[in-house]
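Novice: One-letter residues, chain by chain:
2 protein chains.
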Amino acid sequence: MSNLNMVENLVKERPAWPRDDISLVLLVLDGIGDIRHPDYGMQTPLEKAETPALDALARRSALGRIMPVDYGITPGSGPAHLGLFGYDPREVEIGRGVLEALGLDMDLEFGDLAARCNFCTMEGGVITDRRAGRPATEENVKLCKLLQDRIGGIEDVEVIIQPGMGHRFAVIFRGPDLVEGVCDTDPHENGEPLHEAKALRCEAEKSARIVGEFQKRALEVLEGKPPMNAILVRGVAERPRINSLHERFKLNTAAIATYPMYRGLSKLVGMNIVETGESIEDEFKAYQKTREQFDYHFIHVKGTDEAGEDGDFDHKVDVIREVDANLDMILDREPDVLAITGDHSTPCSMKLHSWHPVPLLLHSNRCDVSGCERFTEHECSGNGTLGTFHSMHLISLMLANAALLDKYGA
Amino acid sequence: MSNLNMVENLVKERPAWPRDDISLVLLVLDGIGDIRHPDYGMQTPLEKAETPALDALARRSALGRIMPVDYGITPGSGPAHLGLFGYDPREVEIGRGVLEALGLDMDLEFGDLAARCNFCTMEGGVITDRRAGRPATEENVKLCKLLQDRIGGIEDVEVIIQPGMGHRFAVIFRGPDLVEGVCDTDPHENGEPLHEAKALRCEAEKSARIVGEFQKRALEVLEGKPPMNAILVRGVAERPRINSLHERFKLNTAAIATYPMYRGLSKLVGMNIVETGESIEDEFKAYQKTREQFDYHFIHVKGTDEAGEDGDFDHKVDVIREVDANLDMILDREPDVLAITGDHSTPCSMKLHSWHPVPLLLHSNRCDVSGCERFTEHECSGNGTLGTFHSMHLISLMLANAALLDKYGA
Numbered sequence: 001m002s003n004l005n006m007v008e009n010l011v012k013e014r015p016a017w018p019r020d021d022i023s024l025v026l027l028v029l030d031g032i033g034d035i036r037h038p039d040y041g042m043q044t045p046l047e048k049a050e051t052p053a054l055d056a057l058a059r060r061s062a063l064g065r066i067m068p069v070d071y072g073i074t075p076g077s078g079p080a081h082l083g084l085f086g087y088d089p090r091e092v093e094i095g096r097g098v099l100e101a102l103g104l105d106m107d108l109e110f111g112d113l114a115a116r117c118n119f120c121t122m123e124g125g126v127i128t129d130r131r132a133g134r135p136a137t138e139e140n141v142k143l144c145k146l147l148q149d150r151i152g153g154i155e156d157v158e159v160i161i162q163p164g165m166g167h168r169f170a171v172i173f174r175g176p177d178l179v180e181g182v183c184d185t186d187p188h189e190n191g192e193p194l195h196e197a198k199a200l201r202c203e204a205e206k207s208a209r210i211v212g213e214f215q216k217r218a219l220e221v222l223e224g225k226p227p228m229n230a231i232l233v234r235g236v237a238e239r240p241r242i243n244s245l246h247e248r249f250k251l252n253t254a255a256i257a258t259y260p261m262y263r264g265l266s267k268l269v270g271m272n273i274v275e276t277g278e279s280i281e282d283e284f285k286a287y288q289k290t291r292e293q294f295d296y297h298f299i300h301v302k303g304t305d306e307a308g309e310d311g312d313f314d315h316k317v318d319v320i321r322e323v324d325a326n327l328d329m330i331l332d333r334e335p336d337v338l339a340i341t342g343d344h345s346t347p348c349s350m351k352l353h354s355w356h357p358v359p360l361l362l363h364s365n366r367c368d369v370s371g372c373e374r375f376t377e378h379e380c381s382g383n384g385t386l387g388t389f390h391s392m393h394l395i396s397l398m399l400a401n402a403a404l405l406d407k408y409g410a
Numbered sequence: 001m002s003n004l005n006m007v008e009n010l011v012k013e014r015p016a017w018p019r020d021d022i023s024l025v026l027l028v029l030d031g032i033g034d035i036r037h038p039d040y041g042m043q044t045p046l047e048k049a050e051t052p053a054l055d056a057l058a059r060r061s062a063l064g065r066i067m068p069v070d071y072g073i074t075p076g077s078g079p080a081h082l083g084l085f086g087y088d089p090r091e092v093e094i095g096r097g098v099l100e101a102l103g104l105d106m107d108l109e110f111g112d113l114a115a116r117c118n119f120c121t122m123e124g125g126v127i128t129d130r131r132a133g134r135p136a137t138e139e140n141v142k143l144c145k146l147l148q149d150r151i152g153g154i155e156d157v158e159v160i161i162q163p164g165m166g167h168r169f170a171v172i173f174r175g176p177d178l179v180e181g182v183c184d185t186d187p188h189e190n191g192e193p194l195h196e197a198k199a200l201r202c203e204a205e206k207s208a209r210i211v212g213e214f215q216k217r218a219l220e221v222l223e224g225k226p227p228m229n230a231i232l233v234r235g236v237a238e239r240p241r242i243n244s245l246h247e248r249f250k251l252n253t254a255a256i257a258t259y260p261m262y263r264g265l266s267k268l269v270g271m272n273i274v275e276t277g278e279s280i281e282d283e284f285k286a287y288q289k290t291r292e293q294f295d296y297h298f299i300h301v302k303g304t305d306e307a308g309e310d311g312d313f314d315h316k317v318d319v320i321r322e323v324d325a326n327l328d329m330i331l332d333r334e335p336d337v338l339a340i341t342g343d344h345s346t347p348c349s350m351k352l353h354s355w356h357p358v359p360l361l362l363h364s365n366r367c368d369v370s371g372c373e374r375f376t377e378h379e380c381s382g383n384g385t386l387g388t389f390h391s392m393h394l395i396s397l398m399l400a401n402a403a404l405l406d407k408y409g410a
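In order, the protein sequences belong to chains A and B.
For the first sequence, our numbering gives the first residue as 1, with consecutive numbering after it.
For the second sequence, our numbering gives the first residue as 1, with consecutive numbering after it.
No lab work stands behind these hints: they were computed from the structure.
Computed from a prediction, not measured in an experiment: that's the story for all the values here.
Just so you know, not all the hints are guaranteed correct.
All copies of an identical chain are treated as equivalent in the list; a pair is satisfied when it fits inside any one copy or across any two copies.
[Unchecked claim] In silico DSS-like cross-links for lysine-lysine, where the CA-CA straight-line distance does not exceed 30 Å:
(1) Lys12 - Lys145
(2) Lys48 - Lys407
(3) Lys289 - Lys351
(4) Lys407 - Lys145
(5) Lys351 - Lys145
(6) Lys12 - Lys351
(7) Lys289 - Lys216
(8) Lys351 - Lys142
(9) Lys145 - Lys48
(10) Lys285 - Lys206
(11) Lys267 - Lys250
(12) Lys48 - Lys216
(13) Lys216 - Lys351
(14) Lys351 - Lys407
(15) Lys198 - Lys12
(16) Lys289 - Lys407
(17) Lys407 - Lys198
(18) Lys285 - Lys145
(19) Lys12 - Lys302
(20) Lys250 - Lys289
(21) Lys267 - Lys285
The shape of chain A in the complex, shown without the other chains:
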């Protein structure tokens, strides 16, 4: 039995009414982890930032580091968040189409197929520009509306189209008997004709037929509209069939996130979405407002990752300071368990997600106080008492720190 199955079995029964007042908070500073680099003064943003609130909290908390997937593996946002939510990201896969649809704030139901698509240019039967000259988003919106008007459904399948940025859009196919296993119509290089939407397994024949028909009708609708006169369909995928956090751990969960993709990932594991404004202060306020309604809040801060991807060290420091300045808004509401960490590292010197383990701070009345002075990568690995472990085990520690798990054996 895996550790996570064991934890599921040990979760205590709790009264439905009157509700107990439990609050677990997972505060994710996206891409927070960084590395010391000579080009950036051999300090990480967490080391550089003045963080009086985090420092004070660190002194009363258990620190450690978490590995999003495994040694040397750099995760995308999907697997990285699944790990934090308590799913083994090596086992649960989120297809590209699903992630694209989530990123465009589309609602996915079980059984839906999602695809990410490009507008492209076709001349003489071959693709000459896979991005259709990178059109303005308004052009994209206009043509998506046209496609949606003309192709509302195929057979007994509903077709839902949502424009993205530039040349990109997403499609959801909703109807009976749709499953994964359709190859891309995208030839993945210019100068090639469209590929056929073939079924990669017998069960996917209907899906392939629908995708192929969508591809064909789109060409008819777009005819004579260069440079956006064709489409490419890629990453056709189902919503993963995973049990929700409520089913697994009896938690009523909520997500506070400003970016659609993170709200979407939360919905995949059954979280409720809490309304929030754009700022960190808005997000923390949303927690305050809904603390009593949910057992578990996932709060997502995007700025740290954006700064890392831009290589903007100073901005990453600023976002950390802003979190620090607002942290009391969470602490004042005395959550039973507060975990502060990231989904992965995004070192400024790399301008990319990376595999480096992410600093973790775990605070509760039952935590193994590490005696660290600060919440930094090096305090977490050097003096942290939690060691370095796989992200997917964080949920077990959070539940244990909330006294929500029974003893194992007598």
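Keeping the supplied structure of chain A fixed, place chain B upon it in accordance with the hints.
Specialist: Below, chain B alone, put in the same frame as chain A:
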């Protein structure tokens, strides 16, 4: 999916030509790890040795410790190196016969059977000295030549004999349909008759017949030549069928090692053998000469292990100093990734291989600089940011640090 399978799937495609200029170096100081012991001034050789070059490098590197096989498991050289090369030593087995043949610099092909053998003394139908009175190696060489002349082949199987030290030699059986699963003819104690070379499974019947015939003919050849008038056959094994580092990770690999066994282990995983002189300086020069020809160099330094096995603390310190004095020869060629570690620990106070995790230094432009002052066992575990992990994951970190792995998921 195991982590190593995942890593294999994530290795980036790279152009065959023109080649990119990537250099990963695995510098193995055999048996480097040690323990503090009152008989040796409560310092390890790494702590005692003056190592200005290693100290300077440590300050710019990520440190940690690696566990060759698992908690409390003391590895032989075979499993210990397989781990460093990225194979799970709990799954890949190298038979004794194979290791003996490799140690005698014999070339093993897939499908070969290798056995280690003793000359022994037989009187009245029982073995009276399993080591034939520990003969001089010249006697061994002479009789191996005799055996080889008289027994060139059996049925359609070629027999290749190579003398070792004292009473030991190795045999390779090369021909169709040979597989593992033949029991030893060695009774493993004096006063017993030779055992029959029985097949342990149906598929091994031919192998058993060939080994039995070899045993029989050897007795005929050696008749009347006491004390070396019989042989014992042990550890009959196949070359393990494992995918090469090139097949798994798309790396062109090379080994620089002065001892045949380490060159042999390298050949098992598909490494090319680079010519080298005997000294550490020679070995590092061999790296300099071939840096551009290969993506990955394994450099093996034997002296640290020998000193440990001898319990010669001062000599272990001297070998470490010698590595330190020559280290710039590697650093000057700016490898993209340099890992310095050992295959296992060989504490001077134990005079044996041990299970203690081995210090690891990992240097690259993308490493998580630990801020350690020195490369010692205690800095590696106390202040290292890499933690303690299984050796087999080192390859994942080396590939990640060389930016050779794609992101996992979107």
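Novice: With reference to the structure, classify each hint as holding or not holding.
Specialist: Quick rundown of the hints versus the structure:
{"no.": "1", "hint": "Lys12 - Lys145", "in the structure": "neither (50 Å within a copy, 38 Å between copies)"}
{"no.": "2", "hint": "Lys48 - Lys407", "in the structure": "between (42 Å within a copy, 28 Å between copies)"}
{"no.": "3", "hint": "Lys289 - Lys351", "in the structure": "neither (35 Å within a copy, 34 Å between copies)"}
{"no.": "4", "hint": "Lys407 - Lys145", "in the structure": "neither (56 Å within a copy, 33 Å between copies)"}
{"no.": "5", "hint": "Lys351 - Lys145", "in the structure": "neither (35 Å within a copy, 64 Å between copies)"}
{"no.": "6", "hint": "Lys12 - Lys351", "in the structure": "between (43 Å within a copy, 18 Å between copies)"}
{"no.": "7", "hint": "Lys289 - Lys216", "in the structure": "neither (49 Å within a copy, 58 Å between copies)"}
{"no.": "8", "hint": "Lys351 - Lys142", "in the structure": "neither (33 Å within a copy, 66 Å between copies)"}
{"no.": "9", "hint": "Lys145 - Lys48", "in the structure": "neither (48 Å within a copy, 71 Å between copies)"}
{"no.": "10", "hint": "Lys285 - Lys206", "in the structure": "neither (47 Å within a copy, 63 Å between copies)"}
{"no.": "11", "hint": "Lys267 - Lys250", "in the structure": "within (16 Å within a copy, 39 Å between copies)"}
{"no.": "12", "hint": "Lys48 - Lys216", "in the structure": "neither (55 Å within a copy, 74 Å between copies)"}
{"no.": "13", "hint": "Lys216 - Lys351", "in the structure": "neither (39 Å within a copy, 69 Å between copies)"}
{"no.": "14", "hint": "Lys351 - Lys407", "in the structure": "between (44 Å within a copy, 13 Å between copies)"}
{"no.": "15", "hint": "Lys198 - Lys12", "in the structure": "between (48 Å within a copy, 26 Å between copies)"}
{"no.": "16", "hint": "Lys289 - Lys407", "in the structure": "neither (33 Å within a copy, 37 Å between copies)"}
{"no.": "17", "hint": "Lys407 - Lys198", "in the structure": "between (51 Å within a copy, 27 Å between copies)"}
{"no.": "18", "hint": "Lys285 - Lys145", "in the structure": "neither (36 Å within a copy, 67 Å between copies)"}
{"no.": "19", "hint": "Lys12 - Lys302", "in the structure": "between (33 Å within a copy, 28 Å between copies)"}
{"no.": "20", "hint": "Lys250 - Lys289", "in the structure": "within (22 Å within a copy, 53 Å between copies)"}
{"no.": "21", "hint": "Lys267 - Lys285", "in the structure": "within (21 Å within a copy, 58 Å between copies)"}
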